[in-house]
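**Student:** Each protein sequence line maps, in turn, to chains A and B.
For the first sequence, position 29 (counting from the first letter as 1) is numbered 28 according to numbering that gives the first Met the number 0, and the numbering increases by one without interruption.
For the second sequence, position 151 (counting from the first letter as 1) is numbered 150 according to numbering that gives the first Met the number 0, and the numbering increases by one without interruption.
One thing to keep in mind: the hints can contain errors.
[Claimed, not checked] Under 10 Å between C-beta atoms, here's a sample of chain A residues computed to sit facing chain B:
1) Thr-78
2) Thr-79
3) Ala-84
4) Pro-92
5) His-100
In case anyone wonders, no lab produced these hints; they're calculated from the structure.
In this text, all values refer to a predicted model and were calculated from it rather than measured experimentally.
Idealized CB from N, CA, C, for every residue including glycine.
Letter by letter, the chains look like this.
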Amino acid sequence: MTVERAAPASTGAAVVARNVSKRYGPVLALDDVSLDIAQGEVFCLLGPNGSGKTTFIRMLAGYLAPSHGALTLAGHDVTTDSLAARRKLGYVPESVPTYRHMRVDEFLRFMGRLRGLSTGEVGAAIERVAAMLMLGDVMRKPTRALSRGFRQRVGLAQALLHDPEIVILDEPTNGLDPRQIIEVRSLIRSLAPRHTVIMSSHILSEVEKTADRVAVLLGGKLRGERAVGASADLEPWFMSLT
Amino acid sequence: MSQLGVLTRKELHGTFTSPIGYTIAAVFLLVLGYTFSLSLFQTKVANLNYIFHQMYVLSVLLVPVLTMRAFAEERRNDTLELLLTAPVREVWIVLAKYLAGVAMVWGMYAGSIVYAVILGLYGEPDWGPIYSGYLALALCGSLLVAIGILTSSVTENQVVAAALALGIVLMLWFIDAASSLVGAPFDQLLVNLSLIGHFRPIATGSVFLSDVAYFITGTLFALFLATRWLSER
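Chain B on its own, in the form it takes in the complex:
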């Protein structure tokens, strides 16, 4: 267990000293600040629904770029050989990378709390959907990081890792659109696999256990696959 701490500290150090992380966080917060100002001045409505969906879209596009280095860089620099020949379980290596990725993504989300504070200072927002919106983002961000870690574990090419993650996430986003093309029971299966279908209810204030379970199960499944892939020698 102490090795998980050692590995996580190393990953956090790598993440927070990388220009990629800061560049992505800057782009994320800049675009968000712009759209928040626009939506606030145009609608004059004290809620963050639009911002949460904006954050969802930005996360889908940017998290694969954040996570692409995770294993791909270790493979390219041969440092994976050091990790995998040390007396460390593969699951700790995967979890450490996941925790560092989640810390970075949640950190970016935390930067947007200032918008909620502004709404609280100058309006009377309904806080329920704001809390659940952050819950939706936290869950969705975790799943996106786990998918990015998985795709990074299968290649030494960072661009391939990012493209694979983006492809998987976009497929999950739009998969329910194909439900009308297939018969029962597959139509329901496709609907239940939809990323946005599980994100939207929580982001708008309706927290269902099934939606929470979707994100947690997906995250655990992606991390399990990454660990299995890494264990393949």
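Pulled out of the complex, with its shape left as it was, chain A reads as follows:
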């Protein structure tokens, strides 16, 4: 199948993937994926469960290495220059993990220090993200006591502490109620164009309301990518690809 291509939203590339494949033993999870993601855009990987979205997201985040091909993030190869690439990104995994024995403020302090902020910087960074994500009421609560919605916000907060160039979100609206989905969607929109946002989703309407561009993954293959306009109806396009 021919891959449909749309021009990136701006000229600089935040992510360049060339012929990227990932193999788990005999299983080919991602097959020869090539795409560019422009700086400052909200880019969404769309596809059903098991299509390779999380594998690609994890490779971008540096958690997995490609079996084949080259993947560059903010100009740094994620395999050979992994530490530099990881400095440029903030990442929220799908399960939004936190350390359950820590309070929210302790968790954010730990993650900030881990991402290279000094003791002085981390306090100001926590204040900034806490205000942005309205975490004031839960800062002293243990993370294990948070609702799914607040856990998602804390996950986003840790990813934004160091003001990264690229924010990677794996299924950011999974498990949220409608109100929380609208809040997270609005937050994601507010991050661009200051940050490049790369997210995954299996919900078409979610993509239409959030993303600037979308790529469809199916069975580990990139089936198409296109810009998402203000009044985009992706359904016919998606159906034609699948």
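Let chain A serve as the given structure and place chain B on it in line with the hints.
**Tutor:** Coordinates of chain B only, in the frame set by chain A:
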């Protein structure tokens, strides 16, 4: 380097707020107190040789339970994904877990210093073997923690991690018994791999560089393997 400090503080916080650590320390010191009292009243000899061997056996059994959470829990809770996508070298992550584990184990050993103090107050012990006994325990404890960290890094199941560590340590303990079954030069190799064979001389007051090197090399090798395993993406 400052990230090692950040990670170590987080590990120490996790270790010293976990009920597992305190339960194991309580069991360790309770059994030790019981056997110390018994041996002292029965033999009336002012040395800690028996206690050091008791501590060795307890360490072999309990340290794998202490270390099983190290990476297995991070994998199970997906927090390993946070650590490995942060700009941190894998070796710092491994070292932080190792240092926290060693702090806990050495802390347990330190609880037994009270027995040495009692011997000093009421008898005239030979302090040389007592000092070297603690050196043997410190070295052995470090190796056991490193092996536990290694096995914890390969699985998300804590019980599997503990069982693997226990299996490796028990094999190392008894490996010299198989030396009579193999010919030269493998018989000597098996003898040289023996955990108890290197622990016993130091614990009884004979400190040889080869025995110290065994523990240090084994510790570094286990930590190296854990780092390599963690770096496999």
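**Student:** Taking the hints in turn, state whether each one holds.
**Tutor:** Verification of the supplied hints:
{"no.": "1", "hint": "Thr-78", "verdict": "8 Å, holds"}
{"no.": "2", "hint": "Thr-79", "verdict": "13 Å, violated"}
{"no.": "3", "hint": "Ala-84", "verdict": "9 Å, holds"}
{"no.": "4", "hint": "Pro-92", "verdict": "5 Å, holds"}
{"no.": "5", "hint": "His-100", "verdict": "6 Å, holds"}
When the structure is compared with the earlier hints, a violation turns up for hint 2 alone.
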